[in-house]
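J.: Listed below are the residues making up each chain.
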Amino acid sequence: MTVSKPTRGWRRMALALGIAAPVAAFAPPALAEVSAESQYIFNTFSFLIHGVLVMFMAAGFAMLESGLVRKKNTAAICLKNIALYSLAGLMFYLIGYTIMYPGDGGWIVNGIFGNLDLFYDPSAAETALIAAGDKATPEQLKAVVDSGYSVPSDWFFQMVFVATAASIVSGTVAERIKIWPFLIFVVVLTAIIYPIQASWVWGGGWLDAMGFSDFAGSTLVHSTGGWAALAGAILLGSRKGKYTADGKVTPMPGANLPLATLGTFILWFGWFGFNGGSQLALGSAADAAAMSIVYVNTNVAAAAGVVIAMLVTQMRYGKIDLTMALNGAIGGLVAITAGPDVDAHWKAIVVGGIGGGLVVFAVPMFDKFRIDDVVGALSAHLVAGIWGTLAVGIFGGGSFFTQLIGAVAIGIFVFVASFIVWYILKATVGIRADEESEMNGLDIAEVGMEAYPEFGQAS
Amino acid sequence: MKFIVAIVKPSKLDAVREALQGMGVAGMTVTEVRGFGRQGGHKEIYRGAEYEVHFVPKIRIEIAVGADIADRAIEAIRDSAGDGRIGDGKVFVLDLEQAVRIRTGEASAGAL
Ligand SMILES: Nc1ncnc2c1ncn2[C@@H]1O[C@H](COP(=O)(O)OP(=O)(O)O)[C@@H](O)[C@H]1O
Chain V
1 MTVSKPTRGW RRMALALGIA APVAAFAPPA LAEVSAESQY IFNTFSFLIH
51 GVLVMFMAAG FAMLESGLVR KKNTAAICLK NIALYSLAGL MFYLIGYTIM
101 YPGDGGWIVN GIFGNLDLFY DPSAAETALI AAGDKATPEQ LKAVVDSGYS
151 VPSDWFFQMV FVATAASIVS GTVAERIKIW PFLIFVVVLT AIIYPIQASW
201 VWGGGWLDAM GFSDFAGSTL VHSTGGWAAL AGAILLGSRK GKYTADGKVT
251 PMPGANLPLA TLGTFILWFG WFGFNGGSQL ALGSAADAAA MSIVYVNTNV
301 AAAAGVVIAM LVTQMRYGKI DLTMALNGAI GGLVAITAGP DVDAHWKAIV
351 VGGIGGGLVV FAVPMFDKFR IDDVVGALSA HLVAGIWGTL AVGIFGGGSF
401 FTQLIGAVAI GIFVFVASFI VWYILKATVG IRADEESEMN GLDIAEVGME
451 AYPEFGQAS
Chain W
1 MKFIVAIVKP SKLDAVREAL QGMGVAGMTV TEVRGFGRQG GHKEIYRGAE
51 YEVHFVPKIR IEIAVGADIA DRAIEAIRDS AGDGRIGDGK VFVLDLEQAV
101 RIRTGEASAG AL
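Residue numbers (the working numbering), protein chains in the order written: chain V, 1 to 459; chain W, 1 to 112.
The following block holds chain W by itself, in its conformation from the complex (with noise of 0.2 angstroms):
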């Protein structure tokens, strides 16, 4: 199994769901983050005072997957939050060790 972590622009996100569900991914989880890459902050300004800020908002997605759909879950995230720009966003792969359906009990991938 694999756990798959991406950063993607929030207007993005609809279709980055839309993208997984149609390949058979059974579940996400997704919150509202920022952060800093290459892209960087910007400037704003309140009360006649310039600020830097450092953060952007983005959003982050989980996915835990069979290691087998793995890497078309990746492409489909790619294909759906790029637009080739900077500060698209990331892609994130760690090995999964564990999953637990808690309402079962059922483990491994019969938990996802």
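Isolated chain V, as found in the complex (with noise of 0.2 angstroms):
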């Protein structure tokens, strides 16, 4: 399997310069060229770093679910947000990433299904490099730098972002799903479903041959993340109690205001190295110029989110609502990242502020549908997600159309197979706590311990 793979990103770089080489090079001829071994460094100095700050979106998730879930649930939120991340980290290099990026010709159906090359070592050649010491020979020097970048931060920059999408389906089954089932998914979910539509898009596949553009995967990442949530809950049903006879919803607040918020503020800290790594480079003043303006419009359209939701729920229920104004941060997150690149700070801002304001009018829809989002990821992932790839269309990023087909094409393969996956757990091994570990809390039901034991013996 060749390491010259397209990496999403490259194309759409290579394009815009007018070059066909993978690596991009942009070099006014008044300036200094910059070399291809300064380019392997600052490029794969962007995914690692990068990396980092998306991998850091994992505790931000788990501070946020913590939060949003009753105080009985926490332990349970908690372990079930570093088992996924390890879980995704594992699939990922087990199945995923060759499912994910099969390199050209190493398809198993063309455009549509990639490799299973098991253990698929991304280190290879760096590996042999360092291996061959004083040894190593300049074609062997050259064979790695050439590659542009070096192959395992880019694997870890991918494979951070598989962790993100199975987060999404944490907050949402809260509360009342058993773990092991749960992990389960996470295991079919990150290892199969999520490389299989990534593949299409970031891997060079069918709706990348459309012209389907998404920088950092509104619909890849979250979208996807939220259509596997929202057949989860489906299949799941509400939390008891939630939702009365006489279609009233009982609210069941979430137990730490203080701790979602700080979640709010991890994610939309490590939303700058999800965008603005997905640059994917690094090397040259150009890159660097356009990452810089990722960076910008991504903080505009978290803060328009927020502002808007605040306002909406200012208008609408006469009070501001903290938790929507953390929604509303993640709604604008989403939104703008299937086209942080867009090319003013402004249409960032519209992007981001709509995004914000739909999680306002779609977690009292969820609700209606008697679909229990516990901490409104559907509303903030799903729906913001969706909206983003469609002003990618709309704001001259791609064609509207290509934009509508990648956005329903990927929701309905990622829920009807989430479907699938969720009704043989559900059939088999069952996927609902009994009623009585629900009412006493998952926390001592599967986990065994509190979350916050201070009476008694522990204090």
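These are computed hints drawn from the structure, not numbers from a lab.
The model shown is predicted, which means the values in this text are computed figures rather than measured ones.
Glycine included, each C-beta is placed from N, C-alpha and C at the ideal position.
You may find that some hints are simply not true.
[Said to hold, decoys possible] Going by beta-carbon spacing under 10 angstroms, a handful of chain V positions derived as facing chain W:
| # | residue |
| --- | --- |
| 1 | Asp321 |
| 2 | Thr323 |
| 3 | Met324 |
Both chains are given apart, each in its own frame, so use the hints to dock them into the complex.
T.: This is the structure in structure tokens:
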């Protein structure tokens, strides 16, 4: 398998700069050329540092969800978050990566299903170079440097995105799902479902060929997580007592809003890695400039999401709902993720603001359908993700129709595949905690410990 | 001996403690509690759905005192905890049969 696979962004960048090579080189004649080795170093640095930022989003999800569940389910949600992050990383290594990036000619079904190269080692060329030490030939060094970036750094950057998709599911199905069946779903999602749909775009598959554009994954990561969560929430049913017989909603307020706020700030922080790093290169002035624009757009979109969510809740409910303001930030971030390279900052504000506003309307809408989403992940990730994907077509980043096809195709695939997996789990091992466990809290029933055990012995 | 249970507003705890200590009450136990009385609850909104909070936060104060100072203690609580508004709280007074200091085994008034 070759390492010079089409990675997301390379293609866009190469097109924008009018060059065909996989490594972008921005070299106005008057300036000295950046050496290939320097590019390799900067590109690799970008993957690593931005990958670490995205990794930290796992902490953001853990805190946001811990804050929005009730006290008795806190340890369970913390466990789910660290478990899903770990499983996602292993599954992506085991199977996912080569399904997602089969490389040219590596497809099992061209453009639709990638490669099944189990235990694919992304570091082979690098390891060989290091092992050769002084005896490394110039050809050997050139082969590594010519890929433009360290392949394991790219592997790492792609892996943390998979974990994000799985995190989204966790929040929606919280407070009533059994932990092991949830984790089995995470395994299938991260090993198979996510990599297949991602290969269609970032792996150079059929949607990429159509011109579908999703810079950092409004659809590929966020809507995908959202669709998987929606299928789970439907089959799982709502928490006991959430909806009354006469159609009223019984709120189950989150236990710790400071934690939810911290979690949102961490997600916002990590998102600079998510979107900024998705420029995929930092080896030229053009890339550095483009990446900076992405940072600014990401920030203004999130800010607009918060402000619009605040204004809308004030107008609708007469009070400013903090949890909605937090969801508004996520809605704004998710919305801009498909096109953070948009060519004017005011457009990013519009995209993010609408994303934040949509969340406030989507939360009661899902409640109307009795789909119980504990943390608002369906509204913030699925709804805002669809909006952001379409917004690329509205604000000049591609064809609206193609964006629509991509959002719908991936939506159908992920929803149906997830529904089948959830359904099989439901019919075999069962996915729902029994009533008593739900009443007493999953901390005691599933984890066997409490998150805040200060009373009695423990103090 | 009398056992006095007072339910007061959380913001009044310090004033009540000061008043009681000032008049010679030697100890007290407090707990955060919730309750309703005539004040009732209030409405809150969470993620678009309105709901009633039936219990409002209060502080429950327990003191054991000699019968001789019980009336003055009640006065002190009223003076320090009262705003003259609904929700100020209540004082319940019970006869206290026995008290023991765990460290020394002293009983009755000597234990207070
Ligand atoms: N009958 C009662 N038994 C126990 N606690 C009571 C009783 N009535 C009131 N309380 C406590 O006293 C608090 C204040 O009572 P409330 O009726 O609201 O105000 P007020 O006493 O000023 O009329 C209540 O929140 C509750 O904790």
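J.: The structure should be examined with respect to each hint, and the outcome stated for every one.
T.: Each hint tested on the structure:
no. : hint   : in the structure
1   : Asp321 : holds (6 angstroms)
2   : Thr323 : holds (6 angstroms)
3   : Met324 : holds (6 angstroms)
In terms of the numbered hints stated before, the structure departs from none.
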